[in-house]
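Number of protein chains: 2
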Amino acid sequence: MYVILVYDLEADRTNKMHKECGQYLDWKQNSLFEGELTKSQYKELSNWIDKYVNTEEKVVIYKFRSENAMNKDIYGFERDSSNII
Amino acid sequence: MYVILVYDLEADRTNKMHKECGQYLDWKQNSLFEGELTKSQYKELSNWIDKYVNTEEKVVIYKFRSENAMNKDIYGFERDSSNII
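Keeping their order, the protein sequence lines are chains A and B. Numbering follows the working numbering, with no gaps: position 47 of the first sequence is 47. Numbering follows the working numbering, with no gaps: position 78 of the second sequence is 78.
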């Protein structure tokens, strides 16, 4: 499956989160990761997140059958005119 | 179309961005919005973003045919066991 992961954590706890997510997914921007995961990789990562994240924090993981399910537009830093409709 | 919008802006410029996105989309967590947009709403919002965002910043907008294209798991604050597979 293809996933988009966005986290909102306390500032001093983001480094560990970033490191863990980076083992499974590609970093896209501050607190945003994307990538293809097997079911077992998803389970590993989500189990880790479930234990790590506290009730003052939040992580959303969007799951798709494939990357083809979406189109993506990027503005600012990595702007690429080919991405913009 | 259904969109997920994630922004990474300089701290003192997020309020204005938050306010603008909130006119079109639902706020989900820090720097994350979601919602259904018509093509013309998308054009309005993306034109505004294109002008507002500078080269040190970044905004990613993921676009889908409908909200049904995705599943969503939430961890932490708004955890809801019905959302977690």
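Note that these hints are calculated values from the structure, not bench results. Do not rely on the hints blindly, as some may be mistaken.
Said to hold, decoys possible - Far from chain B by the CB rule (all over 12 Å, computed), these chain A residues:
hint, residue
1, Tyr7
2, Asp8
3, Lys16
4, Glu36
5, Thr38
6, Thr55
7, Arg65
8, Ala69
What the hints assert, rightly or not - Covered stretches of chain B, as calculated for chain A (at least 3 residues, CB under 8 Å):
hint, stretch
9, 15-27
10, 40-50
A virtual CB, placed ideally from N, CA and C, is assigned to each residue, including glycine.
Numbers of unmet hints, in rising order = 1, 2, 6, 7, 8, 9
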